[in-house]
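There are 2 protein chains.
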Amino acid sequence: MKTSNEARSEEVDAVLDDFFSLAKRRANAVSQRYGDLWEVLERNSVGGKRFRPRLVIAAYEALGGEDREACARVGAAFELLHTALIVHDDVIDRDFSRRGIPNVSGSYRDEATTAGISTPQAEHRGMSAAVIAGDLALSGASRLLLGLTCDEVCKSRLLDILDEAIFASAGGELLDVELSLAPEVPTVAEVLDMERAKTAVYSFEAPLMAGAVLAGADAAVVDSLEEFGREVGIAYQIVDDLLGVFGDEEATGKTTLGDLREGKRTVLVAYAAATDDWFAIRPFIGKSDLTVAEAEHVRARLVSCGARDLAERLIDEHASRGLAVLGRPEIPDDLRQVLTPIVETVLARVR
Amino acid sequence: MKTSNEARSEEVDAVLDDFFSLAKRRANAVSQRYGDLWEVLERNSVGGKRFRPRLVIAAYEALGGEDREACARVGAAFELLHTALIVHDDVIDRDFSRRGIPNVSGSYRDEATTAGISTPQAEHRGMSAAVIAGDLALSGASRLLLGLTCDEVCKSRLLDILDEAIFASAGGELLDVELSLAPEVPTVAEVLDMERAKTAVYSFEAPLMAGAVLAGADAAVVDSLEEFGREVGIAYQIVDDLLGVFGDEEATGKTTLGDLREGKRTVLVAYAAATDDWFAIRPFIGKSDLTVAEAEHVRARLVSCGARDLAERLIDEHASRGLAVLGRPEIPDDLRQVLTPIVETVLARVR
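Taken in order, these protein sequences are the chains called A and B.
Take the first sequence: its position 66, counted from the start at 1, is 115 in my numbering, and no numbers get skipped.
Take the second sequence: its position 335, counted from the start at 1, is 384 in my numbering, and no numbers get skipped.
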């Protein structure tokens, strides 16, 4: 028997399946090459953990929502938004793969290389296709919400939430670009603001709020979910920063050299930069050929200067604030019960 | 005294002004750097000829529409869509200026270069900012339509027209990328299909249809405007191809070497490639250091092989078909009177 979670996730997949089938049909009528782009975009959108749709569903059902089709559609919209943002983020980061698999740019680049096109031209083809594909996913996200049959006030609030998520993510992405280029290392507060805007808003706050709005929840509940989402979302990002340097590569599937080699502006680096240990750490941040031994040295310094402690303390702090929000009287028991494990899952990643 | 056209154009500007003021306020609350991005995006969106809004207004008013505020808002949405598409088109073409003025990428690149950042990093910063800015303009276009106070059926049809325009432009942009990379030169029909999808739909068909829908016009009128827009839009693109090689540089403000040097797949090149003259033309198509004398040689061959004649004939053909649509009984006199000069303006560019 399927768990309720699996069944809901399949409903989201079914919405996306319909969305892509229709788009591919329309695109193939223009040109088979255009149909291919949709095919590649679809491949880049399936297979994820459907994390954002799960948050929409969790909030919606715990608040008594019963229109599963509408809920799946809102979940699918946030999944498409996620696709749009990572496709364009990969263009900005000049990444040609994600989780070891070619992304949109990578698929288009590889196909061109195989056809004998030079690497710079092939990479440019990949980037171009990804700019276009991201635009399509972005406009697809609002299309899915527009297709809702709920009342117009509700629909318009959902579209506002989506808009706010796009607005925040774009700002966060820009800050990420700017912070990484600035000669001085940003402060911990600047890194947290950037991470919140870039990821926490669209990954946590917006899906939870959307689920609540669709369920017809009171403003107090929606506001509390926004706050909860913010705290947990920030905690999640700091966990990510921590795992990027101190993680178990087998468990995370991510190298612990990557963040250091690309000189990523993390909470760890931002904190360390304001300590005396910075002089011993700085030469290795952004060193593209950083060795395993050098990384070990950096890790030891990040521990001794207190950066690791600070990150762990911040994670606990934000997680506790998130849990405190769940303790408020306006949060129904069902909702508390479904959201508490999310905080625990986030914390479990670093424990 | 202001002409009615100028007054309407100012109403569109006022909508965009409000839109950008609000966005800048919201962005500055996140970070001044984010406010700056909106400032640059706004600069890239003002100063155009407001061509698409003018089409919206022409159709709307000739069909008896009287809600000038709503009409200005729809016009502004198409202007923002235009901004989004050219900002991303410039990313794809790796252009850092438009009409001699730095575009979004160019502004961000130049600022970084001035601050002492290396050219590749500065260019990458420019491209990144432009990917983000284009996303914001794209989602802004639907926001403007969502803010309409017209009835929901009308709003939803307008959003469908916008979606169709985004869908077609993305397909056209992809085909443009693909045709320019393919070893074989495309056929005239392939070039026309690409140009129609990339530009004619969002620049001609969609604005005219949107004006008519907002005015509450019959389906027959809306369909005829789509057809009219397609014919005139295609004619316009062929005129562009022709001017790009045979134009008067002073009148167009565009070099007549550019298209040849970048090896652009135009109607001229597509036609020539199927003639015996191609062997004499081919070496110069895409020759990045093409001289004035070589360009003269290519022009003479494009004339002798019949490519120029073909282009002129196609322009006349599509323009005539457009005018024939205007002669249909469902097109009111007022609409015919306001649209006929548009066809004449398109033709006048090559006469």
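No lab work stands behind these hints: they were computed from the structure.
Warning: the hint list may mix true and false statements.
Here are the simulated BS3-like cross-link-like pairs (lysine-lysine), alpha carbons at most 30 Å apart as the crow flies [what the hints assert, rightly or not]:
| hint | chain 1 | residue 1 | chain 2 | residue 2 |
| --- | --- | --- | --- | --- |
| 1 | B | Lys313 | B | Lys336 |
| 2 | A | Lys204 | B | Lys313 |
| 3 | B | Lys204 | A | Lys73 |
| 4 | B | Lys73 | A | Lys204 |
| 5 | A | Lys313 | B | Lys73 |
| 6 | B | Lys98 | B | Lys313 |
Which stretches of chain A does chain B cover? Using the computed rule of at least three CB atoms under 8 Å from a CB of chain B, they are [said to hold, decoys possible]:
| hint | stretch |
| --- | --- |
| 7 | 70 to 84 |
| 8 | 128 to 142 |
| 9 | 181 to 188 |
| 10 | 206 to 217 |
| 11 | 280 to 294 |
| 12 | 320 to 332 |
Chain A residues, not near chain B, derived (Cβ > 10 Å throughout) [stated by the list, open to error]:
| hint | residue |
| --- | --- |
| 13 | Ser58 |
| 14 | Ala63 |
| 15 | Val95 |
| 16 | Arg192 |
| 17 | Glu222 |
| 18 | Ala246 |
| 19 | Asp297 |
| 20 | Glu299 |
| 21 | Arg350 |
| 22 | Val387 |
Even for Gly, the Cβ is constructed at its ideal location relative to N, Cα and C.
Here is what the structure says about each hint:
Proposed proximity of Lys313(B) and Lys336(B) is supported: the alpha carbons are some 11 Å apart, at most 30 Å. For the proposed pair Lys204(A) and Lys313(B), the alpha carbon gap of about 44 Å is over 30 Å, so the pair is violated. Restraint check: the Cα-Cα separation between Lys204(B) and Lys73(A) comes to about 25 Å, which is no more than 30 Å; the hinted pair holds. For the proposed pair Lys73(B) and Lys204(A), the alpha carbon gap of about 25 Å is at most 30 Å, so the pair holds.
Distance hint between Lys313(A) and Lys73(B) is fulfilled; the C-alpha atoms sit about 28 Å from each other, no more than 30 Å. The hinted pair formed by Lys98(B) and Lys313(B) meets the criterion: a straight-line CA distance of about 25 Å does not exceed 30 Å. With 7 residues having a beta carbon nearer than 8 Å to a beta carbon of chain B, the stretch 70 to 84 of chain A meets the requirement of three or more and the stated coverage holds. Here's how the stretch 128 to 142 of chain A fares: 4 of its residues keep a CB closer than 8 Å to some CB of chain B, so the rule of at least three is met and the hint holds.
With a cut-off of 8 Å between beta carbons, the stretch 181 to 188 of chain A has 6 residues touching chain B; three or more are needed, and the interface restraint holds. Counting residues of the stretch 206 to 217 of chain A whose beta carbon lies closer than 8 Å to any beta carbon of chain B gives 5, which reaches the threshold of three, so the coverage claim holds. Only residues whose C-beta sits within less than 8 Å of a C-beta in chain B count toward coverage, and the stretch 280 to 294 of chain A has 0 of them, not enough to reach three; the restraint is violated. With 0 residues bearing a CB less than 8 Å from a CB of chain B, the stretch 320 to 332 of chain A misses the requirement of three and the coverage assertion fails.
At roughly 27 Å, the least C-beta separation between Ser58(A) and chain B is larger than 10 Å, which holds for a residue marked as non-interface. A cut-off of 10 Å between C-beta atoms confirms that Ala63(A) is not in contact with chain B; the least separation is 21 Å. With a cut of 10 Å on Cβ distances, Val95(A) stays outside the contact zone with chain B, its closest approach being about 20 Å. Distance to chain B contradicts Arg192(A) as a non-interface residue, since its nearest Cβ pair spans about 6 Å, not more than 10 Å.
A beta-carbon of chain B is positioned within 10 Å of the beta-carbon of Glu222(A); the least distance is around 5 Å. Chain B draws Ala246(A) into its interface by the beta-carbon criterion, the shortest separation being 6 Å against a cut-off of 10 Å. No Cβ of chain B approaches the Cβ of Asp297(A) within 10 Å, the least distance being about 32 Å, so the stated non-interface status holds. Against chain B, the non-interface label of Glu299(A) holds: every CB pair exceeds 10 Å, the least being about 33 Å.
Separation of Arg350(A) from chain B is adequate, the least Cβ-Cβ distance of about 27 Å exceeding the 10 Å criterion. Non-interface status of Val387(A) relative to chain B is upheld: no Cβ of that chain comes within 10 Å, the nearest being about 30 Å off.
Consistency note: the structure conflicts with the earlier hints numbered 2, 11, 12, 16, 17, 18.
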